[in-house]
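Number of protein chains: 2
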Amino acid sequence: MRIPRTTIHRLSIYLRCLHDLREEKSETISSEKFASLVGVKPTQLRKDLAYFGQFGTRGRGYDVDKLASGIVRILGTGKIRKVAIVGVGSLGSALLSYRGFSKRGFEVAVAFDMKAGKIGRRSRWPEILPATRMAAEIKKRGIKIAVIAVPATAAQKVADKLVAAGVRAILNFAPTRLFVPRGVSVESVDLAMGLEGLAYSLKSRGRSQ
Amino acid sequence: MRIPRTTIHRLSIYLRCLHDLREEKSETISSEKFASLVGVKPTQLRKDLAYFGQFGTRGRGYDVDKLASGIVRILGTGKIRKVAIVGVGSLGSALLSYRGFSKRGFEVAVAFDMKAGKIGRRSRWPEILPATRMAAEIKKRGIKIAVIAVPATAAQKVADKLVAAGVRAILNFAPTRLFVPRGVSVESVDLAMGLEGLAYSLKSRGRSQ
DNA sequence: TTATAATTGTGAAAAATTTCACAAGATGAG
DNA sequence: CTCATCTTGTGAAATTTTTCACAATTATAA
Ligand SMILES: NC(=O)c1ccc[n+]([C@@H]2O[C@H](COP(=O)([O-])OP(=O)(O)OC[C@H]3O[C@@H](n4cnc5c(N)ncnc54)[C@H](O)[C@@H]3O)[C@@H](O)[C@H]2O)c1
Ligand SMILES: NC(=O)c1ccc[n+]([C@@H]2O[C@H](COP(=O)([O-])OP(=O)(O)OC[C@H]3O[C@@H](n4cnc5c(N)ncnc54)[C@H](O)[C@@H]3O)[C@@H](O)[C@H]2O)c1
Numbered sequence: 017m018r019i020p021r022t023t024i025h026r027l028s029i030y031l032r033c034l035h036d037l038r039e040e041k042s043e044t045i046s047s048e049k050f051a052s053l054v055g056v057k058p059t060q061l062r063k064d065l066a067y068f069g070q071f072g073t074r075g076r077g078y079d080v081d082k083l084a085s086g087i088v089r090i091l092g093t094g095k096i097r098k099v100a101i102v103g104v105g106s107l108g109s110a111l112l113s114y115r116g117f118s119k120r121g122f123e124v125a126v127a128f129d130m131k132a133g134k135i136g137r138r139s140r141w142p143e144i145l146p147a148t149r150m151a152a153e154i155k156k157r158g159i160k161i162a163v164i165a166v167p168a169t170a171a172q173k174v175a176d177k178l179v180a181a182g183v184r185a186i187l188n189f190a191p192t193r194l195f196v197p198r199g200v201s202v203e204s205v206d207l208a209m210g211l212e213g214l215a216y217s218l219k220s221r222g223r224s225q
Numbered sequence: 017m018r019i020p021r022t023t024i025h026r027l028s029i030y031l032r033c034l035h036d037l038r039e040e041k042s043e044t045i046s047s048e049k050f051a052s053l054v055g056v057k058p059t060q061l062r063k064d065l066a067y068f069g070q071f072g073t074r075g076r077g078y079d080v081d082k083l084a085s086g087i088v089r090i091l092g093t094g095k096i097r098k099v100a101i102v103g104v105g106s107l108g109s110a111l112l113s114y115r116g117f118s119k120r121g122f123e124v125a126v127a128f129d130m131k132a133g134k135i136g137r138r139s140r141w142p143e144i145l146p147a148t149r150m151a152a153e154i155k156k157r158g159i160k161i162a163v164i165a166v167p168a169t170a171a172q173k174v175a176d177k178l179v180a181a182g183v184r185a186i187l188n189f190a191p192t193r194l195f196v197p198r199g200v201s202v203e204s205v206d207l208a209m210g211l212e213g214l215a216y217s218l219k220s221r222g223r224s225q
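Line order of the protein sequences matches chains A and S. First residue of the first sequence? That's 17 in this note's numbering, and the numbers climb one at a time after it. First residue of the second sequence? That's 17 in this note's numbering, and the numbers climb one at a time after it.
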């Protein structure tokens, strides 16, 4: 059965919310309350979960812990996944220092840059290596996920090298389309696109929202 | 007529691609070539545009310049829109120094932070003001779009203040849901969510892609 | 134990979105 | 001018996604 892309997207949102609920020591929650918390319809939440099995108890709701670990299992973020970042400019640096990824099951294991000045090891930061060692290190460490934070003009070449080195999933911040072989996934984050969406809803307020 | 959210999203992608085509001095392009460039079906591209009128010439295709300005008009990014950034931490700093927004019709006009050390004026950066002056400055400058780059725990309070000051659209980087009144739009960018999507496709390669 | 209330899981209906198929308009060669 | 070719715009069909409605299951109180 084909699972909608949007369902996977929402699963992430559910998981984030479950983390918060866990911190508040909630044990169980009904689809109704949970849905209103994340901002979807209860039936949608139940249908999203139903694609993957049964997670709740009729008459009671969902066990927060159990549901969280269920979604983690679905997403495949159960054991920590190593991530490489390519491009340690202003955005890459922000990502390197970000503590939020580890909570979600990702470890930034290493970063690469082509400029000599960026190379080295700072306390509490992942090691930054020269871009020339990229292929070898990624192979050696068995890294499957990479983040591209280089200028758009360099992004495709970097992607090609990453794929050749065994990377199977790329989070791309460069504002350009990446062409990759079948079997490799790309998610692109274009911040200007977010602003354009907002500009549009600003223009057509009332109609679109 | 209701326009799909995804259509607006794709319009941004089309526009980015048109910018590139313009730099390559292409004059016209058919929906077929254009679609293969951005990675959608030609009929989808034509349908997306058809929501807003007629932009092409039968037998010839689309005039690159004309289509670009058409999409700009649809999105409402024709005249530069001023944007405020709240939170000048590692991510906020990256956004402040980013030169890519102005090409898309946005100007980061001002930033705010609560820590005294962040306040001031650096060359080529927008002015950074204390958070206490946020409401007054946003009102004074008539800013309608803001970016939230503060910790998740502070995000809702910041959003409330922004809305009270007249902001109508928020790009939110904090990993939390923002509750805002009707008529205010929020786009959230959760980078961990991008990674989770990738982890999933890694797990279920072949099926989902 | 039995009745009542709560809440999930799910097939079917509804709504939204994408794709198709082709008429209509434009171009260019002869 | 005419014909063959190209390519858009669009109503209709197909597909996908969301929502509904309710049977099934569990909890709880009497
Ligand atoms: N900074 C932002 O806020 C922001 C926002 C949206 C999008 N982006 C995009 O993210 C990307 C990075 O942005 P940035 O502001 O950090 O740019 P930047 O110029 O500050 O950093 C780019 C880094 O990549 C390195 N680099 C260049 N080519 C490389 C290669 N082939 N291999 C390894 N390293 C290489 C450079 O040495 C530099 O350190 C760009 O594509 C940009 O458009 C940035
Ligand atoms: N850094 C990243 O790569 C990254 C990635 C994904 C998400 N995020 C999210 O983006 C947000 C910012 O991340 P960061 O790494 O830049 O954090 P940071 O701690 O480096 O910066 C936060 C800044 O916000 C300021 N601040 C706090 N409360 C404020 C308030 N009420 N008003 C004004 N300013 C206030 C702080 O003084 C600080 O300068 C966080 O919510 C984080 O989860 C960051």
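In short, the hints are calculated from the structure, not lab data. In this text, all values refer to a predicted model and were calculated from it rather than measured experimentally. Idealized CB from N, CA, C, for every residue including glycine. Treat the hints with care, as some may be off.
To give an idea of the interface, some chain S residues facing chain A are shown, with a C-beta separation under 7 Å as derived from the structure [what the hints assert, rightly or not]: (1) S113; (2) S118; (3) F122; (4) I161; (5) R184; (6) A208; (7) L218.
Ranges of calculated distance between the beta carbons of each label pair, as one might list FRET restraints [unchecked claim]: (8) M130(S) / F68(A): 39 to 45 Å; (9) R221(A) / R74(S): 51 to 57 Å; (10) R18(S) / G182(A): 41 to 47 Å; (11) F68(A) / A152(S): 27 to 33 Å; (12) K173(S) / P146(A): 39 to 45 Å; (13) M130(S) / R140(A): 19 to 25 Å; (14) A66(A) / P146(S): 45 to 51 Å; (15) R18(S) / K82(A): 34 to 40 Å; (16) P197(A) / K219(S): 17 to 23 Å; (17) M130(S) / Y114(A): 52 to 58 Å; (18) D81(S) / A132(A): 26 to 32 Å; (19) F195(A) / P197(S): 41 to 47 Å; (20) E48(S) / T169(A): 24 to 30 Å; (21) K219(A) / P197(S): 48 to 54 Å.
Here is how each hint holds up against the structure:
| no. | hint | verdict |
| --- | --- | --- |
| 1 | S113 | holds, 5 Å |
| 2 | S118 | violated, 10 Å |
| 3 | F122 | holds, 5 Å |
| 4 | I161 | holds, 6 Å |
| 5 | R184 | holds, 6 Å |
| 6 | A208 | holds, 4 Å |
| 7 | L218 | holds, 5 Å |
| 8 | M130(S) / F68(A): 39 to 45 Å | holds, 42 Å |
| 9 | R221(A) / R74(S): 51 to 57 Å | violated, 35 Å |
| 10 | R18(S) / G182(A): 41 to 47 Å | holds, 44 Å |
| 11 | F68(A) / A152(S): 27 to 33 Å | violated, 50 Å |
| 12 | K173(S) / P146(A): 39 to 45 Å | holds, 43 Å |
| 13 | M130(S) / R140(A): 19 to 25 Å | holds, 23 Å |
| 14 | A66(A) / P146(S): 45 to 51 Å | holds, 50 Å |
| 15 | R18(S) / K82(A): 34 to 40 Å | holds, 38 Å |
| 16 | P197(A) / K219(S): 17 to 23 Å | holds, 18 Å |
| 17 | M130(S) / Y114(A): 52 to 58 Å | violated, 20 Å |
| 18 | D81(S) / A132(A): 26 to 32 Å | violated, 42 Å |
| 19 | F195(A) / P197(S): 41 to 47 Å | holds, 43 Å |
| 20 | E48(S) / T169(A): 24 to 30 Å | holds, 26 Å |
| 21 | K219(A) / P197(S): 48 to 54 Å | violated, 18 Å |
When each numbered hint is compared with the structure, violations occur for hints 2, 9, 11, 17, 18, 21.
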